[in-house]
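Protein chains: 2
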Amino acid sequence: MSKKITPRSKDYSRWYTDVVQRAEMADYAPVKGCMVIRPYGYALWENIKEGLDRRFKATGHVNAYFPLFIPESFIKKEAEHVAGFAPELAVVTHGGGKKLEEPLVVRPTSETVIGHMYSQWVRSYRDLPLLINQWCNVVRWEKRPRLFLRTTEFLWQEGHTAHATSEEAEEETLRMLEVYRDFAETDAAIPVIAGRKSQSEKFAGGDASYTIEAMMGNKWALQSGTSHFLGQNFARAFDIKYLDRNNELQYCWTTSWGVSTRMVGAVIMVHGDDQGLILPPKIAPIQVVIIPIWRDEEGKEEVLKAVEDITAALGEQVRYKVDDREEYSPGWKFNEWELRGVPLRLEIGPRDVAKGQVTLARREGGKKIAVPQEGLTQRLDDLLEDVQQSLFRRAKSFLDENSFEVDDYGEFKRIIGGDGGFVYAYWCGSDECETAIKEETKATIRCIPFSQKGEAGRCIRCGEEAREQAVFARAY
Amino acid sequence: MSKKITPRSKDYSRWYTDVVQRAEMADYAPVKGCMVIRPYGYALWENIKEGLDRRFKATGHVNAYFPLFIPESFIKKEAEHVAGFAPELAVVTHGGGKKLEEPLVVRPTSETVIGHMYSQWVRSYRDLPLLINQWCNVVRWEKRPRLFLRTTEFLWQEGHTAHATSEEAEEETLRMLEVYRDFAETDAAIPVIAGRKSQSEKFAGGDASYTIEAMMGNKWALQSGTSHFLGQNFARAFDIKYLDRNNELQYCWTTSWGVSTRMVGAVIMVHGDDQGLILPPKIAPIQVVIIPIWRDEEGKEEVLKAVEDITAALGEQVRYKVDDREEYSPGWKFNEWELRGVPLRLEIGPRDVAKGQVTLARREGGKKIAVPQEGLTQRLDDLLEDVQQSLFRRAKSFLDENSFEVDDYGEFKRIIGGDGGFVYAYWCGSDECETAIKEETKATIRCIPFSQKGEAGRCIRCGEEAREQAVFARAY
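Protein chains in written order, with numbering that gives the first Met the number 0: chain P, 0 to 475; chain V, 0 to 475.
Calculated directly from the structure, the hints in this document are not laboratory data. In this text, a Cβ means the ideal position worked out from N, Cα and C, and glycines have one as well. Hints may be right or wrong, so weigh each one.
[To be verified] What the simulated footprint calls covered on chain P by chain V, stretch by stretch (three residues with Cβ under 8 angstroms from a Cβ of chain V suffice, anywhere in the stretch; the number is not a length): (1) 28–38; (2) 55–68; (3) 85–92; (4) 96–108; (5) 124–136.
Next up, chain P with everything else stripped away, as it sits in the complex (with noise of 0.2 angstroms):
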């Protein structure tokens, strides 16, 4: 297959698939709409689980696996959620052989599930708050798959948690998205917007819905992590109840929160150049990879023992790999481990050995240094914590070049059908609004951002008084 990747200038969708499948992140199942994760995606994402799962547990949740399988009338309890879910579910009608009596679905998510056994093991309000996440797959039936943005089948977490008041989960909710937002700025250096869904865009089921939200390298957003106020509804439908310190039953107030293999998509697009993958060292599978180069067997033995010196030195401070394939020429080498998003390439030779340096070269730009030998550990950690800091930067600027406060909404026109980008203008709050913006636009409400000038002003498109600015753009 030629690694030959499509630019992204001239077009930009066929350059993220060309890029998910040279690099070897994923490929397509052989069911439509399902994918497979090849190695090389899966430890990435494994390390974004790591960098999740560790906040999760340092803010008191704990992990649990709960069934695959919903019987179908549990998805019907929470009407809104059934009218939500429907159109998007995969239905097993027979097991061992036979028809079952009641069809059973594949989760879409877990909410009806959990809220069943929450209302077994919540008896008082000592049992609470209960904090639960789950790693598992669920399935969404997709029409218009695209790798790790859309598949019918995902990876995800999915936090479930029940409290005594609604203080206490709306704090929760909030909680996990603070989380998300620092995940992904700090570990996958993507800047994001944090704030809340519109009425139209939340959670089936939910009270409210709130989101983080990165600007992929085409200037559409992608929904990157959300959190929902669960209100009582899943508590009065599956009756998630407890005994106050008065004796008194009372319903839980739940939350949940999730995100999902998407993260990766974010990742590449976010990041990805013409030449393929940038990966920020802190969740990349390889942060340095070592290439020795000789010629001719001319210095090949100092060369391979300054590689064993170097790497035995990294010992597991850094994930590198040597790739020391003789079938391959630096060149390509050079090319592969570009596509591939490595931060670092460490290159050493004989002149390197001889001067004890080696070489090294920044994935994201700039010229080749050298560099000692002797305390290179510590000057590949410092190197790698700035590729971090400089791959959130650019992700920064880019986002705020391109994002416009505006109050016309001729120019809203302009920017969402022109070059693109995130539009801040007032919006009046109606669905009437929301949705004639969309067709005229094709531009979605993607949050109403937390961050407000706290002014009020005008809709941008029926001029009604309005209390908060929205974010525009077109979406994944």
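Dock chain V against chain P, hints included.
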């Protein structure tokens, strides 16, 4: 719910279910045959995963993720495979609101879909060996479910490898069985018998299956990990071919191997007693539970201060939990953490504080000991290692004491029909004798152990010449 556990001697099966439920390891899901793995059980599984995953990576394997749904036609491509799995399949017939053209099988195991992908990824001998593992859920319809041991959905890892030669594939098959043995004995403190499965018990579609078999507390066997040499069967069914060094197309040789959440059941049944779980320190979610003790606020402050100092010193070297809940008495807490199998209990009261010591109790037995606070971390480390060894020795003695070499069928029947155990007996190798023995005694061939005396003997049932001994036992 009462915390009282049925004694093992009274009803082993109820003892097991009591322990699983009361220690909050797992619960029944609303869909028959499925289970919910509760946080405490899942934390144990996470540690099991970690111990296995580390070993897989150290032996050159990488993780990936393949789809949940498999086209029905795939399952049918390998004749023996479909015959083996057809009765256990769950089938999705509807997706996205429509009846599907081809039904989808929820993976019972992934040889077929992975074989399909490998056929696209493998081109030349340079692509081999391909060493991939996946952690996932699988579904096999279960008529008589038991928590962790047999559930319609369960979690597992399945390794799938492709090789250029039969020898390499056989080597891999045995290497991974050895990884399982090492994990079971070193981390789970479970002694196992490693060997080959009989033809009737091997994986449907494979050439040979290998297993590790453990002895549960009731002397039944539990198959705890299997590794399969698949020959070229799946390579032929799915067209996994490579160009060899002579530029000729060859079929690959493949293997698969798996360990599942059954391992949790094994840990419970090998080590547990009438008070509940006993967890090996290496995989215990909590290694040390710290119980501060005071009466009527007297000494409370100093005790809690001492606990703070102790935990600060422990850092992350030991997995501990402080149980300072005031609504429960120390005695209640002792029972609770014994039920949950925490290997070490650390008590600290005003008298201990005055003497600069703590009091330690080992879950598996023995007297309480007083230990100075100074150097406590190292002492706990040593004690945990000692507990780990002690659990293994105890289980090994139990296995040895209940293993019998028998050459008389009457004695065979008396043992199996009486107190039970593992019976080593010569077997002629015929399906006929294997089936007859099963019908007559309910004992099955667990494996033909690798460790053989090298002599020949007479089949325990037919008296014909037999080259090898087999291990017979009642089994889960």
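The region 96–108 of chain P covered by chain V? Criterion: 3 or more residues, Cβ-Cβ distance below 8 angstroms.
holds (count 4)
Taking 8 angstroms as the Cβ threshold, is the statement that the region 124–136 of chain P is covered by chain V upheld or broken by the three-residue rule?
holds (count 4)
Count the residues of the region 55–68 of chain P with a beta-carbon closer than 8 angstroms to any beta-carbon of chain V: does the count reach three?
Answer holds; 8 residues pass the 8 angstroms Cβ test.
So is the region 85–92 of chain P in contact with chain V by the C-beta rule, three or more residues under 8 angstroms, or is the coverage claim wrong?
It holds: at least three residues are needed, and the region 85–92 of chain P offers 8 whose Cβ sits within less than 8 angstroms of chain V.
Given coverage of the region 28–38 of chain P by chain V, checked by CB-CB distance under 8 angstroms (3 or more)
holds (count 9)
In this structure, every one of the numbered hints holds.
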